[in-house]
Each structure stands twice: as C-alpha cells, then as structure tokens.
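Visitor: Chain residues, written in single-letter form:
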Amino acid sequence: MGNFPSSWDKRADLRIFRRMLKLFPDEFLEEYEYEMVQAFRDQIKHTTSKSEYITLWLKVFLDLIKNAIQERINEFSIENHPALADVLWILGFTFITAFTTYLWINYGQRIFRLLENTPFFQSVWSDLAISAVMGFIIGLSQWLFIRKHIQFNWAWPFATGILFSVGKFISGGIDYYVITHLDKLEFLCKLSVYDPNYLANIRSYIRLFITAYFVSLSQTVFIPESRFRWLWIPISLIARVCDRLVMLYLGNSFYRLGPINNWAVFGDLAEGLILAVFLRLLFIHIELENKSGKSTSQLGAA
Amino acid sequence: MTTSPSDSFLPLSDAEFHILLVLASGEHHGYAIMKTINEHPDIFYFLGPATLYRTIRRLLEKSLIEEVEDRPDQENEDERRRYYRLSGAGHKVMVSETKRLSKLASLAKDWGLGLSAVS
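These protein sequence lines map, in sequence, to chains C and U. Residue 277 in this note's numbering sits at position 277 of the first sequence; the count goes up by one each step and never skips. Residue 1049 in this note's numbering sits at position 49 of the second sequence; the count goes up by one each step and never skips.
Simulated from the structure, these hints should not be mistaken for laboratory data. Do not rely on the hints blindly, as some may be mistaken.
Below, a list of computed lysine to any residue pairs in the SDA-like style, where the Cα atoms sit at most 20 Å apart [what the hints assert, rightly or not]:
1. U:K1035 x C:E33
2. C:K291 x C:R227
3. C:K59 x U:H1040
4. U:K1062 x C:Q70
5. U:K1035 x U:R1080
With the sequences and hints as input, model every part of the structure.
Guide: Structure follows, in structure tokens:
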C-alpha cells in the first residue's frame, strides 16, 4: 500500500511541526524535541489517504496546543518560582494573622457577651479566658503557614493561647501596681502635664511588651535550633510596638474619617508583615544551615 | 478498606493508563507506543506526540516506567530512539488500576447496564 501523498514533500510538514514545537518550554524541547519530531515523521509517513492525512494534522494540532498550554502553566507553577513563593507566603501569613486578629477583636469577643450577666463574666478569669481564646486563634492561623517548619507543631496554637493569657495576667498585675503606686511619683506627673496620654501609653506599652514577651518566649521553643531563633522575641516586641504606632499614626492623621479603632487592622497588618518577613528569612536560613550541615557530614563521611 | 502504596497513583489518566498498558507487553519506543494505541481496534483513544512525551516524562518522574539503557537488538534501529519498559512499581500500579476498573465494570453490571448481554 502506497503512502499518501507519495509525491508530497514531508519536509514541509516537519517544518511546520517544528515551528509549532516552539510553543513548548525550552527545557521540555531539549529533552524530547527529537523524539516528538521523529514520532510525527513516522505518523505522517504512514498516512494512506487524504482524509487520514487531514485528520492526523487536526488531531496533532489540537494535541500540541493543549499540551503546550499545560506545559507553560506548569512552567509558571509556584515550585519553579521560589521567590514568588516566598512573597506569597509572606503576604499570606501577614493577611491571615491580621485578619484573624481583626475578626476576633471586632466580632469574636461578642461571643463572651453571652456570659455578661453571669458570675463568670464579672470575674478576673473572663478576661484571661478571652485572651487565651484570642491567642489560640492567632496561633492557629500562624500554624497553618509554619506547621511544616516547626517542632511539635500542634503545640504552637495552644502555647500561644495559654501564654497570651499568662502574659495578660502578669501585665494586668503590673499595670495595677503602676496605677496604685507609680503615678503618684512626681516625674510621671510632670510628664503627664505635657501629654495627658503619656502615662496611659506607658501602661499600655508595658502590657503590650509583657504579653508579647511571654507569647514569643513560648513560641521560640518550637522553632528549630538556629543561632538566630532568639531574635523571634525582640522581633515580636518590635512588631507589637509597630502595630500600636501605625494605628495611632493613622488614627491621629485621619481622625475625621472615623475613630482610632477603625485603623487597628492596619496596625495588625504591619505587625503580621514584620513577623512574616522575619519568620520566612529564619526558615530559609535554617533550611540552608541544614543543607550545608548535611553536605559537610557527607564530605566527612567520604 | 486497606490501601497499598501503589493506590496513591490511582486513578491513572487515560494517557498514563494506555501507555502503561502497551508497555506491559514489553519494551517499546515512543512511536511504537503511539502506533499501537492509535491503531488498535479496541482502543478508542488518540495519543498525539505531545501527550505521549509529556506523559512519558511524568511516568519517568514517578518511576512507573524506566528507559532501557542496553538493548541487545539495535542493529536495524535508529540509535537515537529511546526505548521504555514498565518498572516494578509501574507493574503494581497497573495491577491495582486494572482491579479498580474491573470493580467499576462489575458495579455497572450490577446496576443493570447489561454488560453480559453485550459480551
């Protein structure tokens, strides 16, 4: 049986086919271009009628387009772009930390209002319970992103919740001491003359620092061994201060647009961003340290 | 229900299944795989060169097939043709997939699709 078309110049088909292969990524072509051309050449060579020839071209055309698109999409996948993956990770961590904090402060705490007329709500423990739940929720949202990188990962949200509550308890005690004793000191009174909120701010920063200290201290335990992991504590404190400063700055600058609490979410975003950038860098550093450790030990073994 | 490690590859895509099916009969190069699938009267599936080699690459990555390094009978063949064969893991996966498809076929029969009448 003679092949169709017997007088046809197959080089034209192969030329068009080769041109179409340029739709594929170079890395794929380096590996399979020769085989694909060879397979197509054999297919064309064995066509026996005009209709078979046209049908084959149509099927091959669709096959090439479909696969080239899929290959290009795969080429642009996250795994092939580590820098993009880092940016998305940081944005994701920032957003989810800020979002859960905002959601909890604005809506979640309303759950506790159900207890408002009960003895539980009046006691000191209700505030601690609210803090524990808030810490747990924030810890849980962070855990979603970092669970692959940390040890005893399930403990992260629980430790965050418990230590948030402990930090609140201790900072509340110190705050009470400040109110009852230190504000009577002359120098604080003088400062408060120039800035009526100064004392209140000192107290709020003390509360903020102590809570952040206890939470970050507990979390540091779960971060894998690294010479920089202790930095998580000062970075957490800085992030908390930035949270407050951003909120105050925006609140004071745009007070006409609404009360200061409306700007809290931007403070939360700033805090989340600082924590996210640091954590990502820390995990990259730990990964590199592990890799170099492994290669050193392999060299030693060799 | 117990699952084996090979079950994690299931279900196979159409292209994966057909390529593994052809390789179950022995070593073949790319065009031979494509020709067998496209010309077999019971297989209603068109395999183009792009789908063929993308799937081959995926199967190699999953270690379900392997490239044949030393072929004894190379004299009349183009030296640059690459031959492929089913790996041990690939064989197990094909057995699992075939069992899965058989169960589906018997389920279809149980649910009144009258396959016995067809066969």
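Visitor: Any of the earlier hints contradicted here, and which numbers?
Guide: none
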